[in-house]
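Participant: Protein sequences, first through last, are from chains C and H. Numbering follows my numbering, with no gaps: position 11 of the first sequence is 11. Numbering follows my numbering, with no gaps: position 95 of the second sequence is 95.
Just so you know, these hints were derived from the structure itself, not from any lab. Treat the hints with care, since some could be wrong.
[Said to hold, decoys possible] DSS-like, lysine-lysine: derived pairs with alpha carbons at most 27 Å apart:
1) H:Lys-58 - C:Lys-25
2) H:Lys-9 - H:Lys-24
3) C:Lys-68 - H:Lys-38
4) C:Lys-25 - H:Lys-38
5) H:Lys-9 - H:Lys-58
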Amino acid sequence: MGITREQGNAVIRNLAVQLVAHAGKVLPRGREEWARAMNHEVQHISGNHAALGWALGCVVASYTERLKAMSGSDVRISRWVLVLEMLCCFIPLTFLFIETVVNFGRLGWRIAIVALTATMIGPLGLLTAFKIVVLNRPSLTKLATVALCTITAWTAVVVSLYDLSQGKPNADWWQSFVLIAVLPVLGIAHLLYLARRPAGSVAAT
Amino acid sequence: MDHPLRFSKQTFALLAVLMEQPRKWRHGYDLSKGTGLKSGTLYPILMRLGDRGLLESKWEAPLEGGRPPRHMYRLTASGVAIAKEWLAANSSWGVSKDTVGNHT
Chain C
1 MGITREQGNA VIRNLAVQLV AHAGKVLPRG REEWARAMNH EVQHISGNHA ALGWALGCVV
61 ASYTERLKAM SGSDVRISRW VLVLEMLCCF IPLTFLFIET VVNFGRLGWR IAIVALTATM
121 IGPLGLLTAF KIVVLNRPSL TKLATVALCT ITAWTAVVVS LYDLSQGKPN ADWWQSFVLI
181 AVLPVLGIAH LLYLARRPAG SVAAT
Chain H
1 MDHPLRFSKQ TFALLAVLME QPRKWRHGYD LSKGTGLKSG TLYPILMRLG DRGLLESKWE
61 APLEGGRPPR HMYRLTASGV AIAKEWLAAN SSWGVSKDTV GNHT
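Isolated chain H, as found in the complex (with noise of 0.2 Å):
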């Protein structure tokens, strides 16, 4: 499996959001509002992150009254061991979702 080159601190803020807790799905609107990116910079990184086998997907069971179910992420082990190392190695960037900011 390759190694991430690097990340950015957009991508930085979305491991620190999903490694709060590592084995918990999350629907892409939550990782959003937690992290501070708009869909346009997270959706990107999402399938950046499944495409290098970090990031695992699934949907959710369906839900009644006839809307769609939704996709859910979470790291894979090797993304929640990356995760660790790589935010222990710039835990001087401390982003936070006021420092990401709003990116589209």
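Okay, chain C solo, but in the shape it has when bound (with noise of 0.2 Å):
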């Protein structure tokens, strides 16, 4: 027993109109008449299948809006916040490199190689964050930023192929995953985000 032609009408219908809903409260604040213009337009598209292509529009377009309406917004962290976000990313990572850099000697030079400059992001995202958030200089070149993301991507993927060669994984192995790899690319990501805005605007004191 399958589903009738009227209850799959139905269904997508009622999609419609829950994704015209989700998409007026997705949008943001002042956007109040809109969200209603959606949701009483939607009723009057007389096909289903047009009424659903018009919802999945709307749900794009609230997200449009509510992203744009974020990234202008004003938000600011304290300075004292900012600093001990940036220690957590990138601390765990400086004293790998360190570790290598005192070991360099006993690990072959392909691994010593691999090893720094997958450990490096540390003390550069230390500097970085140094740079922007305590001298308040936010600005950073387009080589900077394209040295930053590159080095940033190969540590995640360095980290992860050393994770997936381990074989069967330990209980807490996302624990160091989480620590070396996904920590300094929101703190990269952070840091890169901060440096758009103004001098004087990154943090709230």
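Hints in hand, dock the two standalone chains.
Facilitator: As structure tokens, this is what we get:
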């Protein structure tokens, strides 16, 4: 026993209405009238598939507006909180970098090079954070931006490949993965976002 | 009032359709059909034009049958002036519904 055509149409129509309602909730403050407009308009579209297409577009529009509202917001975090965040993101890799330098002679040169390049985002991230957050000089050259992104991506790749090469992981594998792959990525992403803001607006204090 | 810096081809298509009958109120779905723009593209453009004072909107009178009133749009006087100027300056675009295509 399958779904009848009428039941299918009712499902599609209901989905369209629910999607538009969701779009209305996602729209930022001040767009309430547009949320009502989307909601009312979909109820006047006779074709169920057309209504669903309209509703999906409304969801896209609402997330577009929400992201625009968020990127233009003036929320500023305390400088001390930013410093703490950057320490959490980059200190573990910095320790690994120092350990690699100290043990450079004992590692095979290929492994040493890979380990150095994969951990250098630790000290580089700390230096960049010092410049942007502490010295309040948020500008970054295009070259610096590209270099930071490349090295961060390299770190994530190396750490992921290393974890995969270990075979069956232990229960705590994710902790080291978060510390030395995920947190530096988030830290760099936040620094690059702060670098786009005007000087003086990076932090609240 | 801010003079818009530049319009996309999608905005051009919308302005062209609105300028066909500048004083006529149009529904969102009608504009979508006329321009070929999907709601995901159309609504942000309508919002931008509204924010800049180039577009005005109103709710149609309540209908019989329980269906909710629809939102309607048309260009303001300044919107018409700027649209005329901009359409004339970019007439080489010659954007039609087929050119704009289906954007969401």
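Participant: Any hints this thing doesn't respect? Which numbers, in order?
Facilitator: none
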